[in-house]
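Q: Here are the chains, one letter per residue:
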Amino acid sequence: MSTKIGEIVESNCTEFTAECYELHAIPPLGSLVKVTAPTIEIFGIVCHSGTASIEPGRHPVARGKDETSEEAVYQSSPQLMKLLRSEFQVLVVGHSIDRKIYQYLPSKPAHIHAFVQVCSPEEIKQFSQSFDFLSILVNNRSQIPVEEVMAASLREMSKAQTDPHAFLVAGGKALTIILSGEYHRLKTILARLKQ
Amino acid sequence: METQPNQNLGIVVTGSVEKGTEVRLDSSASVEDMVVGRYVTIEGKKRRFFGMVTDISLGVTDEEITISPPDTSDAFTAEILEGTATYGSLHVLPMLTIAGDAKGIIEGPQPVKTVPSHFSQVKLASEADMEQVFGKEDAARFFIGNPLDMETKLCLNLEELVKRSNGIFGKSGTGKTFLTRLLLIGILQKSKATNLIFDMHNEYGWAGSFEGGKGGVKALKQLFPSKVAVFTLDEENSRHRGVSTDFVVRIGYDEIEPEDIALLRQTLNLTEQAVEAVYQLKRHFGKGWMQKTLDISDADDVETLLQGMNIHESSFANLKRGLATIRRLPFLMPHAQINAVDTILGYLDRGMNVVLEFGRHRDITTYMLVANMLARRIYQRYQEKTEVAMAGKVTPPTPLVITIEEAHKFLNHEIANQTIFGEIAREMRKYNVTLLVIDQRPSAIDEEIMSQLGTKITCLLDNERDIDSVLAGVNGKNDLKTVLARLAPKQQALIFGHAVPMPVAFRPRDWGTAKSYEEFSRGDSPEKKAEKDIEELFG
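Protein sequences, first through last, are from chains P and V.
Under the working numbering, think of the first position of the first sequence as 142, with each following residue one higher.
Under the working numbering, think of the first position of the second sequence as 642, with each following residue one higher.
It should be emphasised that the hints constitute simulated quantities derived from the structure, not laboratory data.
All figures in this text were calculated on a predicted structure; none of them were measured in a lab.
Ideal Cβ positions, reconstructed from N, Cα and C, are used throughout, including at glycine.
It cannot be assumed that every hint is accurate.
Quick look at which bits of chain P chain V covers, simulated, 3 or more residues with Cβ under 8 Å [unchecked claim]:
#, segment
1, 183-192
2, 201-215
Below, in silico cross-link-like pairs of lysine-lysine (DSSO-like), each with a Cα-Cα straight-line distance of 30 Å or less [as the list claims (entries may be wrong)]:
#, chain 1, residue 1, chain 2, residue 2
3, P, Lys-300, P, Lys-314
4, P, Lys-314, V, Lys-686
5, P, Lys-314, V, Lys-764
Generate coordinates for the entire structure from the input sequences, incorporating the hints supplied.
A: In structure tokens form, the structure reads like this:
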């Protein structure tokens, strides 16, 4: 059973933003996360994340001049743990109903305050049997280049596979078809897949 | 991994009846395993197609890849692009089709009149597929070789083959002689026809030459002594070579007719008028015209003779010079005791195959003179016999296959109408006589005659005109051209035409090893035949 790492604070059909329960406990870029609702599980790929002040007007200031390590800064100012928060954005790439996975957008967005979990290797394996989710990613306008997200998602998923190389080759082939006519974009992604 | 039969090679993506189909190669099949000339089956929705791979190409989905290809050290990118952005494609020419319903199975393979539907699967043809198309070795079918890169036996229906004139072509040294020997054995074993072979280079009767090998290889008479007779024009040469000849051919001057001289006009360098004079001299002197013409030496006699016939003196001198060349041939004599034509016919009637060796007389004048003379008379006899048979009184004569070498000398545009071979090729089987033409310059053979050849077997040809002439009128000519031009210089040939359901590139079966001889002679000895008969009778 996967453990929850945060909950949704902003949501729409194509993406959602979640706040982490623990400061800095952000899932890696490209990792597969899921939101479980009574009848549906929504899958997404982490496409952006960051840590900032909880109040937009209060900018954090440097505090470590006299400290020996980053850890010491937090120890001497324990309130920081409450004044800062880590958030991550997730692009929705699919959902499952009755355990059947569909790699296209769900009919409704995830609820605010719904729990977000990192998928287990088994779930990743099951989800990554198809590469249709890549075509959702490719057309998305995320804040960081989508090529980075796509490469990161394949790299992350490959860690759960028994033969990561074969998985990356198969993923690369799927990308080649999606990005036909965009050879340079394809090359950029492939360069980021190499092990 | 080697590509296996029945492995999916790819799918049909485009196509037309005229140009053939384009098959996108599956990424699991290596383009380097494919070869032109290979057979494939295409599983259409309603019917199966048999086709030949006639071209293999590399494609890219994006031209950018060709401009900035992945680095050679970048195996990962190359692996990903292979089969997706870069792919192999096959050009397949569908040739036969079998409908999937019961009627289609009974009818067997039919010529292609449509193309397989989009995304039909393409597989390498299996042995069973090939057998379905070309049949098994049986009483009428002779095993001539294996299709390229396959172990299947390619069998030719020789009953069908000998019904029409056929041709064997190829550059010098590509294995025409071997193929011819094979085919002659086939005709001898599996068809009712007999062979008459004008053997210019002494290769078919007794031990033949074997390029690149030591010593000679066995030929027809050694393998089938009871079915083959060797006739020779040069007794001495045959004796030196240790050939056991059956008959020494001698030709009398009185057997030479004006038509025989007319054919040699070019080789003897005769003028039109000189040839015209021959006909007049024949009318004047009758049967012994040649002897009598050569005998006239007195100037007055010549003048009187020429004045009477209105022949110019220079033409006569030209003719006499030509006739003197012929007279020098040692096998010619004023009168031959035994008629060579009758003897040959006698042997042929008994079902024997006759090989006429030319010994040292390998010049084209001799070959043309003798081959034409004998063939014309033999053909006349066959014509008479067939006409009598048509009247319903007797059975028609056994079909005869006449083998001639250097065929373009007989069948070129200028003299094809005059030689008997031109007539045989055109009139074909009406009189049960057909030709087996062997040549290295098919482009020099008259187009009309080339078009009458039923089955053509061709080894490697590299002259553009020769290739065009051999493939003239064949369906998918341009595709076959690629296959033909890529045959190995030795021991590979392409066969197409009447006797085969579809063109096929093949490797002729072995010749020259003890095992091959045994296989050829198997079933030929009377004891074995008797055993087989008994077996058939009592099961």
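Q: Among all the numbered hints in the text so far, which are the ones the structure does not match?
A: Per hint list: 1, 2 violated.
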